[in-house]
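Visitor: Make a model of the complete structure from these sequences and hints.
Sequences listed follow chains A and B, in order.
As numbered in our numbering, residues 5 to 378 make up the first sequence, in order.
As numbered in our numbering, residues 258 to 632 make up the second sequence, in order.
Output of the computed footprint for chain B on chain A, the stretches with three or more beta carbons under 8 Å from beta carbons of chain B:
hint: 1; region: 30-38
hint: 2; region: 43-49
hint: 3; region: 88-101
hint: 4; region: 335-341
Computed, partial: chain B to chain A, Cβ under 10 Å:
hint: 5; residue: Leu-282
hint: 6; residue: Asp-294
hint: 7; residue: Tyr-297
hint: 8; residue: Arg-311
hint: 9; residue: Pro-356
hint: 10; residue: Ala-357
hint: 11; residue: Pro-561
For the record, the hints were derived by calculation from the structure and aren't laboratory data.
Glycine included, C-beta positions come from ideal geometry on N, C-alpha and C.
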Amino acid sequence: MTALLPKRSNRSPRRLSPLRRLEPLRLFEALATPHGVDRYLELVNPMLTVRELRAEVTAVHRSTLDSVTLTLRPTRQWRGFKAGQFVNVTVEIDGVRRTRCYSPTCSQYRKDGLIEITIKRHPEGLVSQYLHANAAPGLVVQLSQADGVFHLPALRPERLLLVSGGSGITPVLSMLRTLCDEGYSGEVVFLHYSNGEHDVALLRELRELAAQHGNVRLVLAYTDATDGDLTGFFGPHHLAEVAPWFAESHTYLCGPPALMSSVKAHYAEAGLTDLLHIEEFQPAPIVVDDGEPTGTIAFGDTTAENSGETLLEQAEAAGLTPEYGCRMGICFSCTQVKTSGCTRNIRTGELHSDPDEEIQLCINVPVGDVSIDL
Amino acid sequence: MTNASITLTKDQIDELGRELDAIKLRVINDLGKEDRDYIYNVIKAQRALEVGGRASLYLGFLPPFWLAGTAALSLSKILDNMEIGHNVMHGQYDWMRDPALNSKRFEWDTACPADQWRHSHNYMHHTFTNILDKDRDIGYGILRMDETQRWNPYYLGNPAWAFLLMTFFQYGVALHDLETENVITGKRKLSENKALWDGIWRKIGRQTLKDYVLFPALTGPLFVSTLTANATANLARNLWAFSIIFCGHFPTGVATFTQEETENESRGEWYIRQMMGSANITGGKLFHILSGNLSHQIEHHLFPDIPARRYPQIAPEVKALCEKYGLPYNSGRFSKQIGSTWAKIFRLALPIGSQDRSTKPPAVTVVDKKLRVAA
Ligand SMILES: Cc1cc2nc3c(=O)[nH]c(=O)nc-3n(C[C@H](O)[C@H](O)[C@H](O)COP(=O)(O)OP(=O)(O)OC[C@H]3O[C@@H](n4cnc5c(N)ncnc54)[C@H](O)[C@@H]3O)c2cc1C
Ligand code: FES
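Guide: Here is the structure:
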């Protein structure tokens with residue numbers, strides 16, 4: 005595999021010109037029709053793909069009790085990422101594919117082309133629990149290309165403030181590592197909130213980076229311990245203490261909802277919202293299903309108040325004409341992608357709360373706000 | 258097959274509906290890794306047979322290799338169409354959220370484009386199963402498969418048309434959604450078929466290129482030998498698929514329904530129609546897999562969207578429910594079911610048996626609705 009070149013540029017390098025692969029591939033696809041070449045190759049070796057992007061876990065490391073760091077080797081379709089962006093990782097759990105976003109923690113210039121993600125185990129979380137307990141070298145996962153606008157501007161500012169809390173450390177750690185690899189010479193303040201020292205994922209690496217780079221200042225704020233650089237929850241005085249210049253530079257923030265909202269409120273008050281860049285890890289909303297129709301349903305650009313009827317009926321009442329057949333749940337003509345929200349299957353009572361999940365409109369009713377990709 | 262009249266109350270029918278719903282719910286809650294592993298094992302077997310079969314044909318000048326290659330390719334196409342394609346396109350594996358086995362995205366190794374099949378089969382046939390003038394699978398628009406279809410001299414050719422349909426089954430299925438008979442009778446406009454034709458040509462083009470140009474050409478001097486093998490495999494699949502599918506709804510004792518009978522149908526009544534409109538075939542495990550578990554047509558029509566490997570598991574319960582409510586559970590050996598199907602094809606070539614439905618005594622009465630068993 006060609007390595008990602010440690011170029012001082014933001015462009016993602018390409019591995020191979022698509023033209024050079026085209027001709028034999030077209031023949032193979034004509035031979036494999038209607039299934040596609042990958043459907044044959046994956047049965048021999050899932051890492052042998054012509055179109056699909058996958059990754060193999062090559063190393064597993066547990067730096068704190070409730071987090072796990074995976075090193076992934078992507079297939080050659082991987083186009084690299086910009087520090088701060090995320091990838092979708094898909095794993096199979098009891099026969100069902102589950103997709104979650106994870107932000108690589110490594111530098112975008114990592115020489116061996118591998119990427120690293122750190123996953124915090126959530127007490128009731130499906131995927132994070134699964135990976136924490138089961139990830140082992142050799143596991144192959146589905147991967148998406150990197151996405152997201154949470155990344156540094158191509159023209160690096162003179163000073164940078166990176167603020168994180170808990171598992172939100174991942175995208176900003178990638179930014180820090182990338183800046184170090186670039187030889188960035190401006191001042192970087194890395195302000196991280198956690199319960200205490202035992203909770204800081206990748207603490208050793210952070211300390212090493214700060215020790216090796218004079219322009220990087222690591223500030224650890226502990227909310228449950230007094231042996232940190234700062235103590236207690238975020239407050240304006242923390243900024244005044246560690247980055248009094250924050251109003252003249254850019255701040256990158258990722259962390260738990262409480263931290264995010266107090267930082268956001270502070271920047272909004274100071275009229276600095278434009279300088280604050282945030283990434284939300286969007287925990288799945290906890291839904292209460294008491295049978296009462298509530299919430300707003302968005303069918304693409306059309307919105308309507310939830311009437312409690314099936315999504316198919318509500319879409320039609322809103323003047324739309326989605327495809328349907330049997331209207332009783334057997335033909336799957338009405339299947340559409342629910343981009344967000346929770347629905348209940350009226351035949352089985354099953355709740356569907358994952359984002360980007362396919363549901364049958366004719367037998368699902370919304371539970372709270374729901375968006376359908378129509 | 259009982260001929261006695263069965264009377265069920267509305268409460269009994271609702272209760273039957275709830276009992277069947279409960280079976281389905283139990284299966285759905287139990288779906289998991291085993292079901293995924295199963296379908297992937299079938300896929301592995303199918304792809305191995307396909308690759309092995311195509312490879313053997315490079316030695317096709319040696320008869321054992323030609324035969325083995327052709328047999329492997331036939332089995333591959335049968336597995337692809339029946340246990341994999343038909344079932345995946347029913348949404349049986351959508352719960353796995355695997356794009357490779359998604360009902361809306363799957364394509365199968367046959368002439369019929371998947372999207373048209375989903376319309377004509379998943380929606381039309383499975384919703385309006387055995388309702389006269391609504392379920393176009395009754396005779397596929399070209400055969401007389403029910404007494405109530407009015408006879409005309411064209412039907413003298415019933416056995417010949419059936420034989421042709423069987424031989425060219427993949428193309429018959431591909432043309433099914435065009436509703437040619439409705440275009441001829443003026444019920445459907447020709448222009449409605451334009452987009453369908455485009456899809457059919459594209460799919461047939463790709464299938465033909467693969468089976469009748471590229472693979473034969475890749476075997477060089479064995480072009481004709483490989484082409485014949487591929488054609489034979491397609492034919493074998495046609496004969497098999499036709500036979501299994503015709504055994505599903507046409508053996509003696511399977512009921513058909515009129516539109517009036519099925520108006521405002523309750524869930525329980527819908528279930529009853531599905532059970533009385535379908536017939537099972539008994540056989541061993543391999544036979545069931547090769548039939549795509551359509552040998553459990555009754556269970557399939559009750560629950561078209563649960564993985565087919567579950568049908569044999571729930572069959573005893575479904576049968577027990579039929580006994581409890583005195584409903585027929587039509588099941589028989591392959592030879593018996595296919596024999597009675599062909600007997601019907603021949604019998605209905607002649608005008609006999611085409612009495613007006615209202616003059617025929619009902620075999621099964623459900624409350625005040627009359628559900629009859631076609632002779
Ligand atoms: C852009 C982006 C980047 C991200 N990057 C990272 C990253 O780098 N590292 C990382 O660890 N995470 C990251 N996440 C979060 C990650 O995608 C997952 O949301 C997280 O791992 C939890 O997934 P899960 O399947 O374990 O939890 P889910 O099963 O989806 O549950 C979500 C949350 O709900 C709670 N929950 C679930 N069921 C219940 C219940 N019955 N009662 C009460 N609570 C319940 C869980 O505790 C959990 O907190 C990112 C998210 C986004 C959007
Ligand atoms: S319309 Fe048939 S499943 Fe929804």
